[in-house]
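Chains as they are written, first to last, in my numbering: chain A, 1 to 412; chain B, 1001 to 1263.
What the hints contain is simulated information worked out from the structure, not anything from laboratory work.
Glycine included, C-beta positions come from ideal geometry on N, C-alpha and C.
Wrong hints could be hidden among the right ones.
Here's a subset of chain A near chain B, in silico, CB distances under 8 angstroms, partners left out [what the hints assert, rightly or not]:
id	residue
1	N99
2	A135
3	S136
4	T141
5	G144
6	G237
7	G286
8	T290
9	F301
10	S302
11	A370
Here are the computed lysine-lysine pairs in the PhoX-like style, where the Cα-Cα straight-line distance is at most 25 angstroms [as the list claims (entries may be wrong)]:
id	chain 1	residue 1	chain 2	residue 2
12	A	K35	A	K221
13	B	K1166	A	K276
14	A	K276	B	K1172
15	A	K360	A	K263
16	A	K204	A	K300
17	A	K367	A	K263
18	B	K1089	B	K1166
19	B	K1152	A	K300
20	B	K1166	A	K300
21	B	K1172	A	K300
22	A	K336	A	K300
The primary structure of each chain is shown beneath.
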Amino acid sequence: MDFYHFTEFPWPHLPPDDQFTSMRVNLPSRVYDPKIGADLYNMYLDQHVLADELGLNCMVNEHHQTATCMNSAAPLSLAILARITKNARLCILGNPPANRRDPIRIAEEMAMVDNISHGRLECGFVRGVPYELFASNANPTETGERLWESIDLIIKAWTTHDGPFNYEGKWVHKRQVNVWPRPYQQPHPQIWLTGGSDINHATKAIVRGHTFCMFLTPADKMRAMFDGVRENCDKAGLPQPADEQFGFMPLVFVGETEEEARKGIEQVFWYVTHNKSEPQFRAPPGYVETEMYANFLSGKFSGGRTDAIRRLGIEYFREHHVAIYGTPDSVVKQIKSAFRKTGGFGQFLAMMHSGAMDFKTTAKCMKLFAEEVVPQVKHLGGKRPQFGPLSEWKKKPKAKPGAGRNGKRKAA
Amino acid sequence: MASGRQSVTRASYRLQEARVAVERRGRGRPLLLIPGEEVYEPELALIDELARKFEVIIAWPPGYGRSTLPESVRNMDDISYLYLDLLEKLDLKKVTVMGFSTGGWIAAEMATKDCARIGRLVLTCPMGIKIGGPYDRDIADVYFLPGDEVQKRKFFDPANDPRVLKGMADRKAYAVARHRESTAKLCWEPYFHNIGLKHRLNRIKAPTLVVWGESDGIVTPDYGRAYTKLIPGAKMVVIRKAGHLPHVERPDAFLTAVRRFTG
C-alpha cells in the first residue's frame, strides 16, 4: 500500500456565518488577505516537504473561486514539489481537462513535472465538482465526455514520438500536435481518476489500467463500487484488477492518546462542516443522471455526498471509516478494517490537515502516521503485474505477486 | 376560453437524425407553434383558443417532449433547419410561426434562412442575440441565480406559475429535468444566443410581431426593443403585469395582440 499526505490548501479565516451564503463560487476575494495567505501557501508546501522526508507521498488537488481550496492551479504547486521533494510520488488528483479545455497544455505541464521530478508523477484527471462549472463555464452536459476524450488525446500526445499528428474530435480540435518534452516515465505516468456513484465510469478507469479513487465515502458504499467493478471485469473475461488500482481518501488524525486524536480530527473535520454553498451551485442541469436531477428539482434530494453524511457527525464518520483517527495502534486497526470492509485498496490518501490547523499539530500527526502506522499496514494490497489495460495483462507472462510496478518507474 | 378540445392528431417525423413530435389541433390557416425551453405551452388553454381560427401545429424541439436530441444536433442553428424541413415535409404554406423564449429564437433563426413558407412571425420574449457589451449580461444567469430569484424574474407574480416543482410527481419532474438538460446542451455557451444571428435578422422578410412582458427579468423589454429594431418592419407589443411568459400570465392580452396582428 502507498500512503499520501493531503491538504486542500484551505483559507480558514471566514467572515461570520450570516455574512456569506457560500464558501464557493461567489465569496468575494476581499475575504482573502494576501499577507496571511502567502504564509499559508508556504506552510502547506512545507507539509509536503515533511511528508517527503517521512517517506510519505504527496497529493494535491485544485478548486476554483473558493475558500475551501487556495490551490487553484494545482500544476503550479505540483511543479514546486517536483523540485523541492526528493522521493515522494507526486499525485495530482487531479487535472480537470473538461474545464480547462486545452488537454495538450495539460499534457505539456504534466510531462514537465514528470521530468523535473525524475519520474515521480502520478497523473490524475477529474471531471470536477459541479461548483467548478461556474468558474470554467464548461457545459455540465459535456464534461463527462470531454474528460475521456481529453485523456485519450493526452495519452496519444505523450506516446507519439515521431512528429506531429492532427486531431479533430467531438469536443476538441488540435492541429500539428507534437508535445515537448515527452514524459520521463515510459510509456507514460500512471493515470488516476475519481468517482462517486457512476459504476460505468469506475469500471472504464480500472479496465484501462488506471487507478480509481473515492473520497470521503462510507466503507459499505466503497465496497459496493469496488465489488461492482471487480464483477464487471469478471463478466468481461478480464483479469482481476490489482488492489493498487483502488484508492480512498478518509480524514485522518493520529495522536499519542485518544483525546489528542479526537481533538485533532475535530480540526480536520472543518473540511466537512465548512462547506456551505447555495443549492443551485450543486446542481447544474446535466451534471448528474436525469433521474437524480429530477429528484433535486422536486426536493426529494437536497445535496451531495458530503452533505448527506455531514449531519451524522464524527462518530458516524469513524464507524464507516470516512474518518480514521486515534492512537497509532487504533489507526492501524481501522485501516485494516477499512481494507477488509472495502474488499481491498492500495492507495491510502490521508487528509491530515484542514481549516486553521497549524504546522506543528499537523506535523506531529504526520510523523506518528509515517513512523508508527505505515510500517504496520504497508504490506497490505496486491500490486498489478504490469502497466496498462487489463486486457493486455493476459498477453504477457504473469509477473510474480509483489513484483512491483513494472515499467512504471523506468526512465526514458 | 374554449370549453371543449378540438380534434387532436399526433405524429412524429424523422428529420435528419432527430425524431420530431408533432401535434395538430383545430382547423384553419397553419400556425406552427414552437414551445419555449420550459415547455409550458402545449398544456395551456390558449392553444384551444388559437385552434378556433388556426390549425395549430405544435412541434417540440429536439430534446423536448417526445422529440429526440441526437448528437448531431448541437444548437438552435441546427434545430432551425429541422423546422424548415418540417415545413417542407408537411407542405405548409404561409405559415404563422409562433415561438416562445428559446422557441422564438428558433423561429427567428428559421426566418433568417428561408421565409418562402413563412407568412408571419410571432416572437414572444425570444432569446438568441447579444445586445450589450462583454461585461453586460443581457440574459439572466438562470444557473447561477437562486431558484426563487429566477422565479421572480420569470413572472410578474410568481404565484401565476401554474407549475410547482416542489413535491412534483416523479414523471413530471423527470420531464422538467430532461428539458433543462437539453437547454443546457443547446444554450450553455454562447449563453442563450448565437453570435451570428444578430447580423442576419435583417434577412427576415415575413411581417413580425414581437411580444414582451413588461416585467420580464430574464430578458428585459429593452432587449426586446433592440431585437425588434433589427427585424425590418417588426412591431412590438409590451404586455403589462407579465414577465417572461406573458402568454401564461396574461393569455387574454396575449391573444388580443396576436389577433390584431394576424387579422
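A quick look at each hint next to the structure:
Interface restraint check for N99 of chain A: the shortest CB-CB distance to chain B comes to about 13 angstroms, outside 8 angstroms, so the restraint is violated. Look at A135 of chain A: its Cβ only gets to about 11 angstroms from chain B, farther than 8 angstroms, so that hint breaks. For S136 of chain A, the interface hint is violated, since its Cβ never comes within 8 angstroms of a Cβ in chain B; the closest pair sits about 10 angstroms apart. Of the supplied interface hints, the one on T141 of chain A holds, with its beta-carbon coming within about 4 angstroms of a beta-carbon of chain B, less than 8 angstroms.
For G144 of chain A, the suggested interface contact is broken, since its CB lies about 12 angstroms from the closest CB of chain B, more than 8 angstroms. Given hint, G237 of chain A at the interface with chain B, is violated; its Cβ is 30 angstroms from that chain's nearest Cβ, farther than 8 angstroms. At its closest, the beta carbon of G286 of chain A sits 4 angstroms from a beta carbon of chain B; the interface hint therefore holds under the 8 angstroms criterion. Taking 8 angstroms as the C-beta contact cut-off toward chain B, the hint placing T290 of chain A at the interface holds, the least distance being around 5 angstroms.
A distance limit of 8 angstroms between C-beta atoms decides the matter here; for F301 of chain A the minimum to chain B is near 11 angstroms, and the interface restraint is violated. Against a cut-off of 8 angstroms between C-beta atoms, the interface hint on S302 of chain A is violated, since the closest Cβ of chain B lies about 11 angstroms away. The interface hint given for A370 of chain A is violated, since its Cβ lies 43 angstroms from the closest Cβ of chain B, which is over the 8 angstroms cut-off. For the hint linking K35 of chain A to K221 of chain A, the alpha-carbon distance of about 42 angstroms lies beyond 25 angstroms, and the restraint is violated.
Taking the CA atoms of K1166 of chain B and K276 of chain A, the gap is about 22 angstroms. The hint holds against a cut of 25 angstroms. Among the hinted pairs, K276 of chain A with K1172 of chain B is inconsistent with the structure: their alpha-carbon atoms are about 30 angstroms apart, more than 25 angstroms. About 14 angstroms separates the Cα atoms of K360 of chain A and K263 of chain A, which keeps this hinted pair within 25 angstroms; it holds. For the hint linking K204 of chain A to K300 of chain A, the alpha-carbon distance of about 30 angstroms lies beyond 25 angstroms, and the restraint is violated.
Annotation: proposed proximity of K367 of chain A to K263 of chain A holds, straight-line Cα distance about 17 angstroms (limit 25 angstroms). Proximity of K1089 of chain B to K1166 of chain B is assessed by CA-CA distance (about 40 angstroms); at most 25 angstroms being required, the pair is judged violated. For the hint pairing K1152 of chain B with K300 of chain A, the CA-to-CA distance comes to about 23 angstroms; that is within 25 angstroms, so the pair holds. With a CA separation close to 8 angstroms, the supplied pair K1166 of chain B and K300 of chain A stays within the 25 angstroms bound.
A threshold of 25 angstroms between alpha carbons decides the hint, and for K1172 of chain B with K300 of chain A the separation of about 13 angstroms falls inside it, so the pair holds. Proposed proximity of K336 of chain A and K300 of chain A is contradicted: the alpha carbons are some 36 angstroms apart, above 25 angstroms.
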